[in-house]
Amino acid sequence: MSIETKMAWRNIWRNPRRTILTGCAITFATVLLVFMLSFQFGSYETMINTSVKISSGHLQIQAEKYQEKKSIRLVIPEPRAIAEIVDQIPEVAAYTFRGQAFSLISSKDRTYGVVVTGIDPQKEITVSRIKKLVQAGNFLAAEDVNQALVGNLLAKNLRVSIGDELTLLGQGRDGSIGATVVQVKGIFRSGIDEFDRSAMQIPLSTFQDTFSMEEAVHEVVVIGKSLSDVSRIKTQLKAALSVLDNRKPLKTLDWQELMPGLRQAIEMDLVSGLIFYGLLIIVVAFSILNTFLMAIFERTKEFGVMMAVGTTPRRLTKILLIESMSMTLISIITGICIGIGITYYFQIHGIDFSGGSELLSQFGITGRMYPKLSLLSVSIGPFMVLFFTFFAALYPALKVRRLRPVEAMTAI
Amino acid sequence: MNQLAIKYIILILLLTLTFISPCPALDADEIVTAGFNYWRGKASVGTVEMLIHREDWQRSMTIKAWTRGQKDSLFYIAAPPKDYGNGTLKKGREMWIYNPKVNRVVKVPPSMMSQSWMGSDFSNNDLAKSDSLLLDYHHSIIGTETHEGKTVYIIKSMPKPNAPVVWGMQHLKIREDQIWLSEEFFDEDLEPVKIMTAMEIQMLGGKLFPRVWRMRNVDEQDRYTQLTYESLEFKSSLPDRLFTLSSLKQRRR
Chain A
2 MSIETKMAWR NIWRNPRRTI LTGCAITFAT VLLVFMLSFQ FGSYETMINT
52 SVKISSGHLQ IQAEKYQEKK SIRLVIPEPR AIAEIVDQIP EVAAYTFRGQ
102 AFSLISSKDR TYGVVVTGID PQKEITVSRI KKLVQAGNFL AAEDVNQALV
152 GNLLAKNLRV SIGDELTLLG QGRDGSIGAT VVQVKGIFRS GIDEFDRSAM
202 QIPLSTFQDT FSMEEAVHEV VVIGKSLSDV SRIKTQLKAA LSVLDNRKPL
252 KTLDWQELMP GLRQAIEMDL VSGLIFYGLL IIVVAFSILN TFLMAIFERT
302 KEFGVMMAVG TTPRRLTKIL LIESMSMTLI SIITGICIGI GITYYFQIHG
352 IDFSGGSELL SQFGITGRMY PKLSLLSVSI GPFMVLFFTF FAALYPALKV
402 RRLRPVEAMT AI
Chain B
1160 MNQLAIKYII LILLLTLTFI SPCPALDADE IVTAGFNYWR GKASVGTVEM
1210 LIHREDWQRS MTIKAWTRGQ KDSLFYIAAP PKDYGNGTLK KGREMWIYNP
1260 KVNRVVKVPP SMMSQSWMGS DFSNNDLAKS DSLLLDYHHS IIGTETHEGK
1310 TVYIIKSMPK PNAPVVWGMQ HLKIREDQIW LSEEFFDEDL EPVKIMTAME
1360 IQMLGGKLFP RVWRMRNVDE QDRYTQLTYE SLEFKSSLPD RLFTLSSLKQ
1410 RRR
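From first to last, the protein sequence lines stand for chains A and B. Counting from 2, one number per residue, gives the positions in the first sequence under the working numbering. Counting from 1160, one number per residue, gives the positions in the second sequence under the working numbering.
Hint data in this document are derived by calculation from the structure and do not stem from the laboratory. One thing to keep in mind: the hints can contain errors.
[As the list claims (entries may be wrong)] Taking CB as the label site, the calculated pair distances span:
| hint | chain 1 | residue 1 | chain 2 | residue 2 | range |
| --- | --- | --- | --- | --- | --- |
| 1 | A | Ser-162 | B | Asp-1348 | 38 to 48 Å |
| 2 | B | Arg-1382 | A | Glu-195 | 28 to 38 Å |
| 3 | B | Ser-1273 | A | Glu-65 | 43 to 53 Å |
| 4 | A | Ser-375 | B | Arg-1382 | 43 to 53 Å |
| 5 | B | Ala-1238 | A | Pro-78 | 23 to 33 Å |
| 6 | A | Gln-68 | B | Asp-1378 | 18 to 28 Å |
| 7 | B | Asp-1290 | A | Pro-261 | 21 to 31 Å |
| 8 | A | Asp-353 | B | Asp-1348 | 31 to 41 Å |
| 9 | A | Asp-353 | B | Pro-1351 | 16 to 26 Å |
| 10 | A | Thr-236 | B | His-1297 | 55 to 65 Å |
| 11 | A | Glu-215 | B | Asp-1186 | 22 to 32 Å |
| 12 | A | Arg-233 | B | Pro-1320 | 36 to 46 Å |
| 13 | A | Ser-162 | B | Pro-1398 | 34 to 44 Å |
Quick reminder that beta carbons are idealized off the backbone N, C-alpha and C, glycines included.
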């Protein structure tokens, strides 16, 4: 151990109470940052996964411009060809076909405009959680015809319950008028009001008959094995689709493009989080600055003596920096350890959000929330603390260089 | 002479006067009301071919239409066979749709009134609120031009305060012989949205009438809906029972 390190180490413990207090501030900030960031990242993943599993899927293949226009005419004419492509991508966990049409739905005395989705009941359950969301009645079965699932708010608005008939009126793919009568088989509740108020699902075969779709569908919904696979699947799909000979170009969209609202909500939450963390780090940095400035004022006489016996200002700066950095490092490491411990506990046991606010329920978060530890969430906060405390410590360390030995020795 | 006869004479005198005098200082409100009434007639029965044109696709339907006064209309699709028998009843500002396949009548909810009617460029509101132009707007003449040797009044219609209107402004072109030449619709920012133009003015149902009407979105040249009258007959009245829900449900020939 060099002389500087030895001196610095001893200096740290000259006033243990102050050192421990400052250290605790840094440790606390680190713990908070590790936990909060893990929690935020975890909640984003929950939000994405729940939203994705209710409606959009991780990725969708659609006809070009379908996402903007939602016109029934913008179809994927041969979904089987797409299925062959998707089957060959190893990262894909599941996929399904859907058709969508805006229609008038009316019960005996009420009429609403609703997005009717045609789903393949067997494949749908591998992609979405809809089956688990069915509150009353049953999910569609493979052989069902003219049966429907409706959202609980829509059912309430239409004043229908299981077994009631609904008339469906819309426009078919060829411009003709599509009409049919369906029976309510199940009522689902996702917790996302918008979805529960305006969604209705019918078997894809019924959908295709009613809206003169023939074989065509509007969306191929793809779920990857994990969220991180999405970009890889997207590149592969894009490459495969561009080779496919199609009269109308198809487009691959990921969840961010499918649900821009969700991405914006995440970005907004992240920014407000970052502001909070920024404030936290600044407070910690000032407390470090304070500690070291105090130390210098206290030790002016000592520095004077050291300079008088030949210590170079450079060496003094070095000692002071080693002091502050080792203290910060120890605190940060302790903080990371405690932070990981706490986060890990909640990662397993979850945090109860069952009283979840309206805002959260919009994103499908209704039960427990789980923070998620990742290299990023564990390292980014502590690194920022280290970075800012270094600058806070630099100022007093450089200030020492301007001391004059004689004046310093006479200082109190 | 009794009082009634005097009234009649005065009325006839007034009417002849209006016909004789060139009457340059016409009131805009009168022009619009007269034009509208000329267009709709007291009652009419007609067959219209509706062509929905899109960039890559088009489709036509034959519609049988009954109208009465300014408010009541009944439409039936006669062709293509796939859509045969679909009907729309408009009474006042309410609309109902009938579909023969499911044999149900559905009332169009207020939230759906801005949706397109049968996939055309006409919205349900365009049909249901057609008389809104007379009731909810102030009209003023902003210019004149000539068309086939006749004066055409260009009229600016601004909504009355608090009127439940769809459009922020409308520009009308009405010829002096009361023929409606065009109607342009503007949004609340006074940006043009769509325009309906009348073409091929000829004798139809006993009077000069534009045979072709075209509704087009202002920013899309290749997207329009065109109505062509195949036949049109003006009547002095149509029975009440025609404009009822039970009449809507009846299958038509």
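Legend entry - Those earlier numbered hints the structure runs against, lowest number first: Structure breaks hints 3, 7, 8, 9, 11, 12.
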